[in-house]
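Listed below, chain by chain, are the residues.
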Amino acid sequence: MIWRPFRGGIKPKEFKEATATKPIVTVPLPPRVILPLQQHLGERANPVVVRDELVEAGQIIGNSAAFISAPVHASISGTVTRVTAEVIEIARRNREGVRELSTGKWENLDKLPADAIRCIARKAGIVGLGGATFPTAVKLTPPAGCWVNTLIINGCECEPYLTADHRLMVEQSAEIVFGAYAMAQALQAVRIIFAVEDNKPDAAKKLAEALTAAQLRPYGAIIRNTTAEVRLVPSRYPQGAEKQLIWSLTGRVVPLGGLPAQVGVLVHNVATAYALAEAIRKAKPLIERVVTVTGPIVNAPGNYLVRLGTPIRELLAYAGGVKEPVKAIILGGPMMGEAQVDDGAPVTKGTSGVLVFGEADLAPVRQTRCIRCARCVEVCPMGLEPLYLARLAEKELWSEAVQAGAAYCLECGSCAYICPAKRPVAELIRRAKVKCQEGGIVDERQAGSQSRTASA
Amino acid sequence: MNGKLEVRAAPHLLDPDSTAKIMYSVLLALIPSALAGVILFGVHALWLMLVSVAAACFTEAGCQLLLRQPVTITDGSAAITGLLLAFNLPPSFPLRYAAFGAFMAIVLGKQLFGGLGENPFNPALIGRVVLAAAFPQEMTTWQALGGVMADAATTATPLGLIKLGQVPALSELLLGNVLGCIGETSVVAILIGGIYLLWRKIIDWRIPVGMLGSVAVLSVLLGADPLVQLSTGGLMLGAFFMATDPVTSPVTKPGRWIFAIGAGAVVVLIRFFGGLPEGVSYSILLMNAVKPILNKATKPRIFGEVRGRA
Ligand code: SF4
Ligand code: SF4
Chain A
1 MIWRPFRGGI KPKEFKEATA TKPIVTVPLP PRVILPLQQH LGERANPVVV
51 RDELVEAGQI IGNSAAFISA PVHASISGTV TRVTAEVIEI ARRNREGVRE
101 LSTGKWENLD KLPADAIRCI ARKAGIVGLG GATFPTAVKL TPPAGCWVNT
151 LIINGCECEP YLTADHRLMV EQSAEIVFGA YAMAQALQAV RIIFAVEDNK
201 PDAAKKLAEA LTAAQLRPYG AIIRNTTAEV RLVPSRYPQG AEKQLIWSLT
251 GRVVPLGGLP AQVGVLVHNV ATAYALAEAI RKAKPLIERV VTVTGPIVNA
301 PGNYLVRLGT PIRELLAYAG GVKEPVKAII LGGPMMGEAQ VDDGAPVTKG
351 TSGVLVFGEA DLAPVRQTRC IRCARCVEVC PMGLEPLYLA RLAEKELWSE
401 AVQAGAAYCL ECGSCAYICP AKRPVAELIR RAKVKCQEGG IVDERQAGSQ
451 SRTASA
Chain B
1 MNGKLEVRAA PHLLDPDSTA KIMYSVLLAL IPSALAGVIL FGVHALWLML
51 VSVAAACFTE AGCQLLLRQP VTITDGSAAI TGLLLAFNLP PSFPLRYAAF
101 GAFMAIVLGK QLFGGLGENP FNPALIGRVV LAAAFPQEMT TWQALGGVMA
151 DAATTATPLG LIKLGQVPAL SELLLGNVLG CIGETSVVAI LIGGIYLLWR
201 KIIDWRIPVG MLGSVAVLSV LLGADPLVQL STGGLMLGAF FMATDPVTSP
251 VTKPGRWIFA IGAGAVVVLI RFFGGLPEGV SYSILLMNAV KPILNKATKP
301 RIFGEVRGRA
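For the protein sequence lines, the chains are A and B, in the order given. The first sequence begins at 1 in this note's numbering and counts up by one. The second sequence begins at 1 in this note's numbering and counts up by one.
Quick caveat, the hints were computed from the structure, so don't treat them as lab data. Careful: at least some of the hints might be erroneous.
[Said to hold, decoys possible] Straight line, CA to CA, 30 Å or less: simulated BS3-like cross-link-like pairs of lysine-lysine: (1) A:13 <-> B:296; (2) A:395 <-> B:296; (3) A:433 <-> B:296; (4) A:327 <-> A:282; (5) A:105 <-> B:296; (6) A:433 <-> B:253; (7) B:296 <-> A:435; (8) A:323 <-> A:422; (9) B:4 <-> A:327; (10) A:13 <-> A:323; (11) A:16 <-> B:4; (12) A:13 <-> A:422; (13) A:282 <-> A:11; (14) B:163 <-> A:395; (15) B:253 <-> A:395; (16) B:21 <-> A:327; (17) A:22 <-> A:11; (18) B:21 <-> A:395.
Model the full structure from these sequences, guided by the hints.
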């Protein structure tokens with residue numbers, strides 16, 4: 001099977017050595033958690049508990065009736081100390097247990113129709129853990145008329161520094177494979193491809209072994225009805241981007257403004273597959289995740305299994321603290337992650353990494369005028385011309401920026417990474433994107449496919 | 001937590017290359033040619049380079065002070081313009097005229113359009129064209145005031161000689177032991193710098209390959225020796241250091257092919273059918289002018305876009 005290189009892309013230094021071989025360590029329960037009610041894309045959940053209420057870990061504390069939403073569970077047992085429309089805080093009472101989902105525990109997928117799997121994913125509060133945080137139950141419901149025959153399990157982890165998915169693949173390959181089969185069952189897919197970047201051969205090997213082992217397990221007919229394979233893809237950023245990965249593995253092109261399901265493919269992250277397996281087999285709601293805590297000044301960089309809502313401060317202290325004063329904290333990877341104003345923010349469902357930088361790692365950026373070197377054009381995986389889009393955004397010509405394709409920017413940051421003039425190209429384009437979404441400006445190219453996208 | 005955290009926009013990881021590094025690499029790549037120029041044409045060539053670079057930098061700083069903009073001469077771009085202009089001057093060119101040329105290159109060629117990145121034409125070539133118009137005599141006087149070429153028996157450039165029917169030896173052309181502008185004669189020196197820039201991925205290989213390739217192919221078709229055509233006049237210097245100027249060349253790969261091949265074709269047209277012995281400057285300027293059209297015509301396809309859909 002040939003691999004098709006996606007357009008553009010960059011090869012930044014990986015910085016993964018510090019944590020790639022560090023086994024996942026479980027962080028002790030924090031004394032307090034802060035749980036935002038919007039840890040997913042879609043409708044925010046509404047609080048369903050009140051102040052001073054005693055809650056149990058695993059209990060639903062925020063929920064929504066909206067289709068595109070996900071419930072929020074208490075991640076530790078304790079007393080609710082604060083409830084607002086945005087966030088719920090819980091102070092721990094010493095109780096270890098986790099309330100199980102009411103959906104039961106399942107080993108044989110034959111007994112679980114598609115709806116049951118979607119229902120479990122919903123009840124467990126599972127969302128795309130690669131960072132997109134789109135509710136998994138919704139994603140497992142393809143739009144009418146689309147048959148998703150191919151399921152891609154994304155283990156690329158192309159962001160530098162991050163190794164959480166890598167470790168999960170190495171240590172929990174059997175669970176990931178089970179979760180993938182469960183997803184295939186929900187979609188009636190006939191083909192599963194596990195995509196791993198070639199800088200993680202150990203992860204690919206573990207997944208392949210787990211696939212072989214799964215043939216002997218009582219997982220049900222889905223095992224025989226699907227073909228599954230592990231595919232190595234070259235390490236290049238952003239190989240893990242949905243459309244780019246689909247193209248590389250299947251040669252299918254997702255139409256502009258369209259959905260992967262339209263070409264019969266769906267991409268789920270390995271951590272999402274793992275979470276789904278935990279929910280189905282152990283009735284465990286999503287109350288914890290693996291987070292890579294790393295950066296040049298962290299004393300004990302590593303991969304930590306941590307309860308959602310744990311403040312970064314707490315997690316960082318557990319990772320041995322820092323060698324030097326902290327100058328920046330980034331949640332997520334260095335390419336797409338968000339810089340924090342302080343260390344009080346909590347780990348949420350979408351937090352794949354915590355990067356900590358000191359003074360020396362934050363060289364002042366000397367910006368110059370754009371020299372038209374076209375490196376940004378060369379690396380843009382979407383085939384956009386970032387220099388022009390950024391210029392339109394600078395002049396606040398939002399609608400022109402959309403006509404030039406700003407809406408299709410992945411926000412991958414490749415253009416800003418490569419720019420020798422150190423211009424914040426990606427940020428400018430992102431701003432144009434947001435403005436247009438707010439203002440309801442759409443690209444002419446997309447106008448025709450609006451109805452389709454809206455229904456998704 | 002002591003002190004405030006810095007909140008920058010993603011990405012938080014940046015490529016180590018910067019505008020200044022690129023510009024300084026270009027300057028570094030020009031050093032072999034500068035040395036060759038001094039060896040071949042004597043100390044006056046060195047003075048020409050220094051005066052031209054200094055004038056370009058001063059002019060840039062002066063313009064920016066007048067316009068109350070931050071002074072950016074440390075980014076090296078003005079120095080490149082100055083040096084390239086000097087490379088395009090005859091060995092005995094008066095220093096004060098060179099300073100004037102550098103001044104015009106920066107003012108007319110760059111600052112008038114808004115400075116770095118905004119100029120449609122290569123500023124050094126603008127300077128050269130201004131000098132050719134203002135001092136036609138001096139710009140076509142070929143005489144070395146020192147160096148290896150001081151006792152050359154002729155006062156004609158190789159392209160001039162070819163028009164008279166005398167073809168110089170290829171080895172002399174490669175080394176640059178011929179009359180011409182101070183930075184353009186030594187093919188070897190230009191290649192050393194050019195290959196360095198290609199290796200550093202600072203210039204796009206499509207431009208020298210396309211431009212030199214089209215000159216070679218068209219010369220063969222016209223019955224001329226392609227190697228002699230490639231190694232004479234300002235072609236090498238133009239193909240590696242002037243047509244490759246990122247600001248004034250197209251941003252797309254197909255656009256760059258057309259740009260380069262077109263520039264080569266114009267060189268051949270001028271050399272074989274034009275009134276001038278040499279046409280590299282004009283060919284590049286002409287393609288600079290076409291650049292916006294090329295950019296529009298070769299816009300990359302957005303991934304997933306279906307063109308021409310009803
Ligand atoms: S951030 Fe947007 S414009 Fe920049 S490279 Fe990525 S997709 Fe292209
Ligand atoms: S990479 Fe930066 S300097 Fe180069 S063309 Fe793009 S925006 Fe301009």
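We went through each hint and held it up to the structure:
1. At most 30 Å may separate the alpha-carbon atoms for a hinted pair to count; residue 13 (chain A) and residue 296 (chain B) exceed this at roughly 34 Å.
2. Restraint check for residue 395 (chain A) and residue 296 (chain B): satisfied, since their Cα atoms lie roughly 20 Å apart, inside the 30 Å limit.
3. Straight-line distance between C-alpha atoms of residue 433 (chain A) and residue 296 (chain B) comes to about 23 Å, which keeps the hinted pair within the 30 Å bound.
4. Among the hinted pairs, residue 327 (chain A) with residue 282 (chain A) is inconsistent with the structure: their alpha-carbon atoms are about 41 Å apart, more than 30 Å.
5. With a C-alpha separation of about 59 Å, the suggested pairing of residue 105 (chain A) with residue 296 (chain B) is violated against the 30 Å cut-off.
6. Note on residue 433 (chain A) and residue 253 (chain B): the hinted pairing holds, with a Cα-Cα distance of about 27 Å set against a maximum of 30 Å.
7. Only pairs whose Cα atoms come within 30 Å are accepted, and residue 296 (chain B) paired with residue 435 (chain A) is accepted, the gap being roughly 26 Å.
8. Restraint check for residue 323 (chain A) and residue 422 (chain A): the C-alpha separation of about 29 Å stays at or below 30 Å, so the hint holds.
9. Using a Cα cut-off of 30 Å, the hinted pair residue 4 (chain B) and residue 327 (chain A) holds, with the two alpha carbons roughly 7 Å apart.
10. A threshold of 30 Å between alpha carbons decides the hint, and for residue 13 (chain A) with residue 323 (chain A) the separation of about 23 Å falls inside it, so the pair holds.
11. The hinted pair formed by residue 16 (chain A) and residue 4 (chain B) meets the criterion: a straight-line CA distance of about 27 Å does not exceed 30 Å.
12. The suggested pairing of residue 13 (chain A) with residue 422 (chain A) holds, with an alpha-carbon distance near 17 Å, which does not exceed 30 Å.
13. With a CA separation close to 39 Å, the supplied pair residue 282 (chain A) and residue 11 (chain A) exceeds the 30 Å bound.
14. Restraint check for residue 163 (chain B) and residue 395 (chain A): not satisfied, since their Cα atoms lie roughly 53 Å apart, outside the 30 Å limit.
15. Taken as a hint, the residue 253 (chain B) and residue 395 (chain A) pair is honoured in the structure, with Cα atoms around 27 Å apart against an allowance of 30 Å.
16. The hinted pair formed by residue 21 (chain B) and residue 327 (chain A) meets the criterion: a straight-line CA distance of about 26 Å does not exceed 30 Å.
17. Simply put, residue 22 (chain A) and residue 11 (chain A) have alpha-carbon atoms about 23 Å apart, close enough for the 30 Å limit, and the pair holds.
18. This hinted pair checks out: residue 21 (chain B) and residue 395 (chain A) have alpha carbons roughly 28 Å apart, not beyond 30 Å.
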